[in-house]
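Line order of the protein sequences matches chains A and B. Per this note's numbering, residue 20 is the first one in the first sequence, and the count goes up by one each step. Per this note's numbering, residue 23 is the first one in the second sequence, and the count goes up by one each step.
One should not assume that every hint holds.
[Said to hold, decoys possible] Partial selection, computed: residues in chain B whose CB lies under 8 Å from chain A:
| no. | residue |
| --- | --- |
| 1 | S53 |
| 2 | R77 |
| 3 | G78 |
| 4 | L112 |
| 5 | Q124 |
| 6 | F126 |
| 7 | G127 |
[Claimed, not checked] Among chain B residues calculated to face chain A with C-beta under 8 Å, some are:
| no. | residue |
| --- | --- |
| 8 | S55 |
| 9 | Q63 |
| 10 | G64 |
| 11 | P65 |
| 12 | F67 |
| 13 | Q70 |
| 14 | S116 |
| 15 | P123 |
[As the list claims (entries may be wrong)] Label-pair distances were calculated between CB atoms; the ranges are:
| no. | chain 1 | residue 1 | chain 2 | residue 2 | range |
| --- | --- | --- | --- | --- | --- |
| 16 | A | I70 | B | L110 | 25 to 31 Å |
| 17 | A | M103 | B | L135 | 24 to 30 Å |
| 18 | A | I75 | B | G38 | 42 to 48 Å |
| 19 | B | K52 | A | Y111 | 15 to 21 Å |
| 20 | A | E27 | B | T42 | 33 to 39 Å |
| 21 | B | P92 | A | G77 | 41 to 47 Å |
| 22 | B | V60 | A | Q97 | 29 to 35 Å |
| 23 | A | Y111 | B | N101 | 30 to 36 Å |
| 24 | A | Q97 | B | S95 | 36 to 42 Å |
| 25 | A | S49 | B | S29 | 34 to 40 Å |
| 26 | A | S45 | B | N101 | 30 to 36 Å |
| 27 | A | Q97 | B | D84 | 42 to 48 Å |
Derived by calculation from the structure, the hints in this document are not laboratory data. We treat Cβ as the ideally placed atom computed from N, Cα and C, and that holds for glycine.
The lines below spell out each chain.
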Amino acid sequence: AQRVTQPEKLLSVFKGAPVELKCNYSYSGSPELFWYVQYSRQRLQLLLRHISRESIKGFTADLNKGETSFHLKKPFAQEEDSAMYYCALSPYNNNDMRFGAGTRLTVKP
Amino acid sequence: DAGVTQSPTHLIKTRGQHVTLRCSPISGHKSVSWYQQVLGQGPQFIFQYYEKEERGRGNFPDRFSARQFPNYSSELNVNALLLGDSALYLCASSLAGGGGPQFFGPGTRLTVL
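Okay, chain A solo, but in the shape it has when bound (with noise of 0.2 Å):
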């Protein structure tokens, strides 16, 4: 079975510091990973996909598959990036797609 884990419910950072939201995953295949985020009075809206590899907002996510990991990453954290943050994992060539339980980010600033 596929599963995703955010350990952390709540984040907070001060403003120009580093964060990192950590997504652990359970699968046995070949999964496709994403960040989504929701901004306040928002809809969710896709941050990354593992397989695009690029930056978004300043923001990177590696794929561990030796950990089964997913961190997603920022050097610099802005106030502008607090936000809810979902990982979600779905097996390849499905649409399936399994979200963690989120992670408020808080940056202070």
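Here the structure of chain A is known, so what remains is to put chain B in place on it, guided by the hints.
Frame of chain A; chain B shown alone:
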């Protein structure tokens, strides 16, 4: 493009009633997925439809059903509502049925009294 749209935005029902939620995907997207999001949790997968056929189903009872129309819009139906069905119901569309990013609508907030 307005993105994925859902209607209604809010809905209040009583136990035992039936509800229909609607979703219009992004133009050109042929796949629609439905999710239930209970407060404090991430979205939980209910159904996926692609080209009007059910392609996936999550761990939900038979009271939940859905369909997709020729224009790729979709309906989610829930019968015999329970208090525990109170949640935000999200619709997401994607280009095809086989993986890739999904684009979410604003959701329908269902309250069962």
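Hint-by-hint comparison with the structure:
A cut of 8 Å between beta carbons decides the hint on S53 (chain B): the least distance to chain A is about 6 Å, and the hint holds. Interface hint status for R77 (chain B): upheld, as the beta-carbon distance to the closest one in chain A is roughly 7 Å, under 8 Å. Interface hint status for G78 (chain B): upheld, as the beta-carbon distance to the closest one in chain A is roughly 5 Å, under 8 Å. Given hint, L112 (chain B) at the interface with chain A, holds; its Cβ is 7 Å from that chain's nearest Cβ, closer than 8 Å.
Interface restraint check for Q124 (chain B): the shortest CB-CB distance to chain A comes to about 6 Å, inside 8 Å, so the restraint holds. The restraint placing F126 (chain B) at the interface with chain A holds, with a minimum CB-CB distance near 4 Å, inside the 8 Å limit. At a threshold of 8 Å, the smallest CB-CB gap from G127 (chain B) to chain A is about 7 Å, leaving the interface hint in force. Nearest Cβ of chain A to the Cβ of S55 (chain B): about 5 Å, under the 8 Å cut. The hint holds.
Using the Cβ-Cβ criterion of 8 Å, the hint placing Q63 (chain B) at the interface with chain A is satisfied: the shortest such distance is roughly 5 Å. The criterion of a C-beta within 8 Å of any C-beta in chain A is met by G64 (chain B), whose closest approach is roughly 3 Å, and the hint holds. A cut of 8 Å between beta carbons decides the hint on P65 (chain B): the least distance to chain A is about 5 Å, and the hint holds. Checking F67 (chain B) against chain A: minimum C-beta separation of about 5 Å stays under 8 Å; hint holds.
Given the 8 Å rule on beta carbons, the hint for Q70 (chain B) holds: about 5 Å separates it from the nearest Cβ of chain A. The beta carbon of S116 (chain B) is positioned within 8 Å of a beta carbon in chain A (closest approach about 6 Å), and the interface hint is therefore held. Taking 8 Å as the C-beta contact cut-off toward chain A, the hint placing P123 (chain B) at the interface holds, the least distance being around 5 Å. Range check, I70 (chain A) to L110 (chain B): Cβ separation about 28 Å, and the 25 to 31 Å hint holds.
About 27 Å separates the C-beta atoms of M103 (chain A) and L135 (chain B), a value consistent with the hinted range of 24 to 30 Å. With their beta carbons about 45 Å apart, I75 (chain A) and G38 (chain B) fall inside the hinted range of 42 to 48 Å. Against the hinted window of 15 to 21 Å, the Cβ-Cβ separation of K52 (chain B) and Y111 (chain A) comes to about 19 Å, which satisfies the hint. Look at E27 (chain A) against T42 (chain B): about 37 Å separates their beta carbons, and that is inside 33 to 39 Å.
Between P92 (chain B) and G77 (chain A) the Cβ separation comes to about 42 Å, which falls inside the hinted range of 41 to 47 Å. V60 (chain B) and Q97 (chain A) have their C-beta atoms about 30 Å apart, which keeps the hinted 29 to 35 Å range intact. Between Y111 (chain A) and N101 (chain B) the Cβ separation comes to about 34 Å, which falls inside the hinted range of 30 to 36 Å. At roughly 38 Å, the beta carbons of Q97 (chain A) and S95 (chain B) sit within the given window of 36 to 42 Å.
Separation of S49 (chain A) from S29 (chain B) is about 37 Å and conforms to the stated range, judged on CB atoms against 34 to 40 Å. For the pair S45 (chain A) and N101 (chain B), the supplied restraint of 30 to 36 Å holds, since their beta-carbon distance comes to about 33 Å. Checked against the hint of 42 to 48 Å, the C-beta distance between Q97 (chain A) and D84 (chain B) comes to roughly 47 Å, which is consistent with it.
Hint check: no violations occur; every hint is consistent with the structure.
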